[in-house]
Amino acid sequence: MSETITRTWSPEGDETRIALTELRDMVGACMQCGTCTASCPNWYAMDVTPRRMWRMVQFGMIDDILKSRTFWLCSSCYMCTLRCPRGLRLTSAMGALKRLARLDGARQARRNGAFYEAFMSDVEANGRLQEASMMQGYFLRRMDPRLPMAFLPLGLRMLGKGKLHLPSRAQRGRLGPMFAKARQMEAGS
Amino acid sequence: MKYAYYPGCSLMESAREFDVSVRAVMVRLGAELVEIPDWTCCGASAAEPVSKLMNYALPARNLAIAQDALPGMDILAPCSACYLNLLKVNREVVGERHLHGQVNEVLAASGLTYRGGVPVRHLLDVLLNDVGAGIMAQKVTRSLEGMKLAPYYGCQILRPYAVFDSPGRPTSMEPIIRAMGGEVHEWECGNRCCGASLMVGHRDVALRSVAAILDQAAGADAVVTVCPLCQMNLEAYQGDAVKAGGRRIPVLYLTQIMGLAMGLGESEVQLGKNLTLNAGARRGIETRAWSVTLQAEGAEPGRAAGAEQSIPDQARTGKMNNLNKGGNHV
Numbered sequence: 001m002s003e004t005i006t007r008t009w010s011p012e013g014d015e016t017r018i019a020l021t022e023l024r025d026m027v028g029a030c031m032q033c034g035t036c037t038a039s040c041p042n043w044y045a046m047d048v049t050p051r052r053m054w055r056m057v058q059f060g061m062i063d064d065i066l067k068s069r070t071f072w073l074c075s076s077c078y079m080c081t082l083r084c085p086r087g088l089r090l091t092s093a094m095g096a097l098k099r100l101a102r103l104d105g106a107r108q109a110r111r112n113g114a115f116y117e118a119f120m121s122d123v124e125a126n127g128r129l130q131e132a133s134m135m136q137g138y139f140l141r142r143m144d145p146r147l148p149m150a151f152l153p154l155g156l157r158m159l160g161k162g163k164l165h166l167p168s169r170a171q172r173g174r175l176g177p178m179f180a181k182a183r184q185m186e187a188g189s
Numbered sequence: 001m002k003y004a005y006y007p008g009c010s011l012m013e014s015a016r017e018f019d020v021s022v023r024a025v026m027v028r029l030g031a032e033l034v035e036i037p038d039w040t041c042c043g044a045s046a047a048e049p050v051s052k053l054m055n056y057a058l059p060a061r062n063l064a065i066a067q068d069a070l071p072g073m074d075i076l077a078p079c080s081a082c083y084l085n086l087l088k089v090n091r092e093v094v095g096e097r098h099l100h101g102q103v104n105e106v107l108a109a110s111g112l113t114y115r116g117g118v119p120v121r122h123l124l125d126v127l128l129n130d131v132g133a134g135i136m137a138q139k140v141t142r143s144l145e146g147m148k149l150a151p152y153y154g155c156q157i158l159r160p161y162a163v164f165d166s167p168g169r170p171t172s173m174e175p176i177i178r179a180m181g182g183e184v185h186e187w188e189c190g191n192r193c194c195g196a197s198l199m200v201g202h203r204d205v206a207l208r209s210v211a212a213i214l215d216q217a218a219g220a221d222a223v224v225t226v227c228p229l230c231q232m233n234l235e236a237y238q239g240d241a242v243k244a245g246g247r248r249i250p251v252l253y254l255t256q257i258m259g260l261a262m263g264l265g266e267s268e269v270q271l272g273k274n275l276t277l278n279a280g281a282r283r284g285i286e287t288r289a290w291s292v293t294l295q296a297e298g299a300e301p302g303r304a305a306g307a308e309q310s311i312p313d314q315a316r317t318g319k320m321n322n323l324n325k326g327g328n329h330v
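As you go down the protein sequences, you meet chains A and B in turn.
For the first sequence, UniProt numbering assigns the number 1 to the initial residue and increments by one for each residue that follows.
For the second sequence, UniProt numbering assigns the number 1 to the initial residue and increments by one for each residue that follows.
Hint data in this document are derived by calculation from the structure and do not stem from the laboratory.
No experiment lies behind these values; they were computed from the predicted model shown.
Wrong hints could be hidden among the right ones.
[Stated by the list, open to error] Lysine-lysine pairs mimicking DSS-like chemistry, simulated, CA-CA at most 27 Å apart:
id	chain 1	residue 1	chain 2	residue 2
1	B	Lys139	B	Lys2
2	A	Lys161	B	Lys243
3	B	Lys148	A	Lys161
Excised from the complex, chain B in its bound form (with noise of 0.2 Å):
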């Protein structure tokens, strides 16, 4: 298996860790990722409010390259946007012959054409269908058994264009969390959206469909999504979120939580760089601490005391404590 990989600017800034995780657990599971070679930016969402042309060009640029430099090759794309733009130009610019030629054309500046058909997967596309769960169980070696987890979509993976889950009711992480040993946190906003860029201009339309998010995912350890935009949004803006109704919640990249199930370090995965992550959770996370502190806080008098709820609520609520608080109790 050998894919072009597109990791798109996010994951050279301040999503690094979900590329160092993505390059890694790609290695462990056989793949190889061939970097597209001089690749740019997509255009994100921001291209299609400035410039038509660009923003189908933006991608194309990157396509045609891959085209070029690594025929025979899929396009691996593990960013949301980044995803849909390259997928866009395969759908709405090949075979529009007036579009098509107004594309190849600004290309032309670059000395590149984009012919078409060059394949785009995403992720979970490539995890789900190339991959497969049975190989990834076997790539186990410390089970996540105890940990619950939110699987978080987002938008643009499966809208408009439903490739390889359903986009009323995705499920296709569902498989992947449950082959590394760990639960899956039945919610209904997995698809939800979190706000996206309007989190710079308009932060407070932004912010309540993050609390409402952050909000549903209670009673799971953590979110894991495959979105570098989703992510800094529900990580990031946590401070204000729980003041309109959300709670405190680590979110992490799907890929940094199969990293460490197969093995691999904290510093692997860059757990450091994620936001919501304090020493005490890390730790808590990487010595599979989820079952066996479950039992030893729903003990402690001091943390259960006052909370009205059943016995398994209270060890959750004291782990959850611990883990925003950076308690070190392993």
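If we strip away everything but chain A, and leave its shape as in the complex, we get (with noise of 0.2 Å):
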């Protein structure tokens, strides 16, 4: 138990306490019940159920927390808030996680999170979602020479089907000023 209070208030940075308050906020009516766990998905390939990581957010163990995959292998189905007895809105409080690690910065986090950095990326600078421009964003994120030979045969499918085309300019840079904003409120609350 010492060793959880320790964690509990193991130094960390403004954002990251913010967003770990914001997180216990969400989950802190959590009764354990496991719902959520016989819901989801992708739980086999999770290496803590989303019940544990619940609790792991109301003991406040960041370390452990940011170790951990599960949120990362969240899809967004939404059938755990769905189900949850309590109502809680578990779906955000994996995306919240998301975002957790993300402040963290960590080796995992940059890969993981690449998809979603390269779609940001992308809508920001053209103000609709380029999907062969987010892609080469996300290959040069993860940085893996294999990555882009692994989805070769299907970009050149979808090339023959006239699935891919050439980006459209027509709302670019739309979106930078609002872009600006938030991370401006983000980085000041």
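Join the two chains, each given in its own frame, into one complex according to the hints.
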């Protein structure tokens, strides 16, 4: 138990602490019934079950939380949110965990969050998502030369079917001011 | 019937056939779609892991534009993630004073404010409750008789907000399929997750879900869906999914099938863009050969040989082989 307490008060950055507090508010009422785990289509690939993850959040076990790959395997299907008898927004909590890990900036977060980062930076640049340039951004972030090769056959099939398009510039830069404002507000909160 | 149409990014990119068929079908049904001017990305399921504010501000921008430019119109969103993100703003931001203020502060950077109150509707909701199965059936000129379709709903159109159907056992596509003259494939996978964007970063996990869904579709002529990401996952990775226990089957947008039943040609619903459909399979659909070939192929010894199934099953297997190999048997 003392170990848990030490972790609770382990030194953290301000943003991390705020994110964790927000998370604890989200799942504070969890009564550990396990319905979320039983509803999760991806539970078998997780190292910590969703139910245990909420307990770890309640205890503030930030190091163990950040080590886990559980929340990266949430596909946002909302089955746990739908079934939670306490009405907790558990899918949003998984999203908040992804944001928490992003603040921490660990290597695992950079790899697992690469798709979301590539997606959002493409949206910021182009206003509307351009699938081809987003995937390029994703490959660059992952820095794994095997990855583009794994997607090459699909890319060629899509090209053959006319499913890949030159980037549209119509909405380019449209979202820049909003992204800048949100970044400024979130850094200052 | 006039709707503020929000196609979303996918429908401009890899799911263009969904956009084209939605527009074509809605015209046939007498509805007018006015595209929201200057719309931008809703953030899909990628915004939430990156920024809580942008997760709400991105869809709110489109709601704010619709509120000012197209007053009084419901928003029609065919894409599941777009629909949920737009709906989320109405459910989770409007009425939450602090959050609503923050979101509007972000919107102010683009000179916009969202007051709330723009209704967000999903395509299925509009088809069922505004158009109705009766009107849809009247528009059918080429019945889908003999065609068995597996309705695949995916996750985000009914979860966590069940607006127009039961999230546990969705049925909203069934009256539409029946109105087109088709038959509904009964299965338990209609609301199962396809793995969504895990297909990019954790392919083995998503593949297991896709394989299970494709396996349960056995016996159907095609899976029909209304989600561009589901369609992509179920269709583009069938080669790998087959190795994991799935089977090959055409995966079409519901509106493509509706368009065909309403007399549109295959180019008008862009059937040529579907990765699982080749020339032979397309022709099979277009000439409504589903029931005709069933009997013709049952008698064909070469195709049925070796299959340890009853006669109708043999026929179906033969038809499926043809569908997938592209044999022109019409």
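Any of the earlier hints contradicted here, and which numbers? Structure breaks no hint.
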